[in-house]
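> Next come the chains, spelled out residue by residue.
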Amino acid sequence: MSDDTNRHQVGSQELYRQNILDHNRHPRNKRRMEDASVTHRELNFSCGDDIELFVRTEGNRVADASFDGHGCAISQAAVSMLTEHVHGRGIDELENLTDEEMGQLLGVEVGPARRTCAMLGLEALRQALKKLREDI
Amino acid sequence: MTLRIMAIDIQKIRGQFPTLVDASRRPYVFLDTAASSLTPRPVIEAMGRFYTDFRANVHRGMYTDSLRATEAYEAARSKVAGFIGAEAEEIVFTRGATESLNVAARGLAEGLGPGDEVVITIMEHHANLIPWQQLADRSGFTLRFLPLGEDFRLDMEAARQTIGPRTKVVAFMAVSNVLGTVNPTEELIALAKAQGAATVIDVAQAAGHLPLDVTSWDCDFLALSGHKMYGPTGIGILYGKRPRLEAMEPQTFGGDMILEVTKERSTWNRIPWKFEAGTPHIAGAIGLAAAIGFVEEIGIEEVVRAEERLAAHALERLQSVPGLRLYGPAGGVRGGALSFAVDDIHPHDMADLLSKQGICVRGGHHCAMPLMRELGIVGTTRASLGIYNTEQDIEDLIQAIHEAKRIFG
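The listed protein sequences derive, respectively, from chains A and B.
Position 77 of the first sequence, counting from 1, maps to 77 under my numbering, and the rest follow consecutively.
In short: position in the second sequence from 1, add 1000, done, that's my numbering.
These aren't lab readings, by the way, just hints derived from the structure by calculation.
Honestly, I wouldn't trust all of these hints.
[Said to hold, decoys possible] Covered stretches of chain A (chain B as the covering partner; in silico rule of three or more C-beta atoms under 8 Å from a C-beta of chain B): (1) 15-24; (2) 87-100; (3) 110-121.
[As the list claims (entries may be wrong)] DMTMM-like cross-link-like pairs, simulated, lysine to aspartate or glutamate; straight-line CA separation at most 20 Å: (4) A:Lys-30 with B:Asp-1344; (5) B:Lys-1012 with B:Glu-1260; (6) B:Lys-1405 with A:Glu-14; (7) A:Lys-30 with A:Glu-84; (8) B:Lys-1079 with B:Glu-1045; (9) B:Lys-1193 with B:Asp-1116; (10) A:Lys-131 with A:Glu-58; (11) B:Lys-1241 with B:Asp-1218; (12) B:Lys-1405 with A:Glu-84.
[Said to hold, decoys possible] Every beta carbon over 10 Å from chain B, so not counted as near; a handful from chain A, in silico: (13) Arg-32; (14) Thr-39; (15) Gly-59; (16) Leu-105.
Even glycine gets a Cβ: it sits at the ideal position worked out from N, Cα and C.
Can you build the whole structure from these sequences, using the hints too?
Have a look at this one:
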């Protein structure tokens, strides 16, 4: 009925690359931030992913970003990578960060089933920056 | 286990399901029947015949095709009635168990107010929870939950204390779509009846897997979906005891459900048609009847035996995986939903990793978020069984779980 050899070849999991697994196991910047300029919590109810993003700005740059929460490996790795990526970048630039660029950060093709997971951190960043804009 | 030749020829059964015989799909292991079962050829063909041979609307057509469509549609109703031990007029066709539960809840809530209580269980599917929650907000009655006791089964001591003089309705699932728990239907109905409360049974997970008999249960309402028992999507039934249906007002208005309409007012058709406004899902009803025929041909007793045997085997194999936690009864009488978590792998990652190895399961809260909260988890990975599943499917699942464990290291 089934071919085990074939199955395990299919099982070389493109989406679960070492890079993603590493970020999931050892998330970067996973800490709450006391002096954040803005925070935003983003939930993915279908998965139960739950992240809170903290951003501290200096002038119109992001001086520090961190997150807290839990969820699937894709959502956690993505937000972990994002906190590294935004460090030191201009707010204007980050406001224009696209889904495609987020996909490039992840370095893998994300199918429709996992898109919300992969984009959860980016969505949190967008909402946080929007709040920041509204405050100014 | 008795030594005897199994009466069921699983390979012959599998041969009737197009996706199972399609070699180009392999590896392909379907373990998601609790969400929606596969559909066998006899069902697909019966529905096809409606569209190719006698495609016409039901009721009031004078020409042959319409008469034939009406005959097939009403014969489907009788088939369902026979399947659950009811009379044909007690069967209302709906879009599925969700709609059935909504209709029953709205009908029963009519007479409820402050001081009244509706009792459900913590393991309910959202379809048997949210309607009551909404109606409680509007009507002021109180919604109460029966908790879990040991081994993921209902706490029946709590049930005896909760179901009391204020209880007006007891509504519950016969089999859990998450835990696989088979609830003590007869005992719960007896507790309800002792208080004069109405009973609503959600058999979405039981139909096609366990025998159903509304006469011996003596329940007031029963909700069933076609697509979880080898039938098409978009069709289900609400069974209501005749006096219950007669007393209940229709909730959807339009064609076919009326007796007479004037500019000022309308009077209703007899049951069950007063609940079936508009052109019904004729092909769906015909398909559902064919699905019942499919199950009956195998024999429900044989289905029960085969699934119980496979579930017991699956439980044993799952529990052999290091780091696997099972969410559901570890043995005894249980349904085919097998929920689990492995190490700290998130259920969506697990379901995704399994899917990449050709294993179709589901990860998440399975439309039972209060139950997940009660269990202190965000979700589970769930494999669920149908009549076409084999021990090889379970082996493939176990191998794929090991592979997922390896990847997550």
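> Decide, hint by hint, whether the structure agrees.
Now the hints, each set against the structure:
Requiring three or more residues with a Cβ within less than 8 Å of a Cβ of chain B, the coverage given for the segment 15-24 of chain A holds, as 3 such residues are present. Counting residues of the segment 87-100 of chain A whose CB falls under 8 Å from any CB of chain B gives 0; the rule of at least 3 is not met. For the segment 110-121 of chain A, the proposed coverage by chain B is satisfied: 3 residues have a C-beta within less than 8 Å of a C-beta in that chain, meeting the threshold of three. For a cut-off of 20 Å, the pair hint linking A:Lys-30 to B:Asp-1344 stands: about 18 Å separates their Cα positions.
Distance restraint check for B:Lys-1012 and B:Glu-1260: the Cα-Cα separation of roughly 51 Å exceeds the 20 Å cut-off, and the hinted pair is therefore not satisfied. Restraint check for B:Lys-1405 and A:Glu-14: the C-alpha separation of about 15 Å stays at or below 20 Å, so the hint holds. Of the pairs offered as hints, the one joining A:Lys-30 and A:Glu-84 holds, with about 11 Å between alpha carbons and a cut-off of 20 Å not exceeded. About 17 Å separates the Cα atoms of B:Lys-1079 and B:Glu-1045, which keeps this hinted pair within 20 Å; it holds.
Proposed proximity of B:Lys-1193 and B:Asp-1116 is supported: the alpha carbons are some 15 Å apart, at most 20 Å. Between the alpha carbons of A:Lys-131 and A:Glu-58 the distance comes to roughly 16 Å, so the proposed pair stays at or under 20 Å and holds. A threshold of 20 Å between alpha carbons decides the hint, and for B:Lys-1241 with B:Asp-1218 the separation of about 9 Å falls inside it, so the pair holds. Using a Cα cut-off of 20 Å, the hinted pair B:Lys-1405 and A:Glu-84 is violated, with the two alpha carbons roughly 28 Å apart.
With a least beta-carbon separation of about 20 Å from chain B, A:Arg-32 lies farther than 10 Å from that chain, consistent with its non-interface assignment. Every beta carbon of chain B lies more than 10 Å from that of A:Thr-39, the smallest distance being close to 21 Å; the non-interface claim holds. Once the 10 Å rule is applied to beta carbons, A:Gly-59 is consistent with being away from chain B; the minimum gap is 38 Å. Once the 10 Å rule is applied to beta carbons, A:Leu-105 is consistent with being away from chain B; the minimum gap is 19 Å.
Hint violations for this structure: numbers 2, 5, 12, all remaining hints satisfied.
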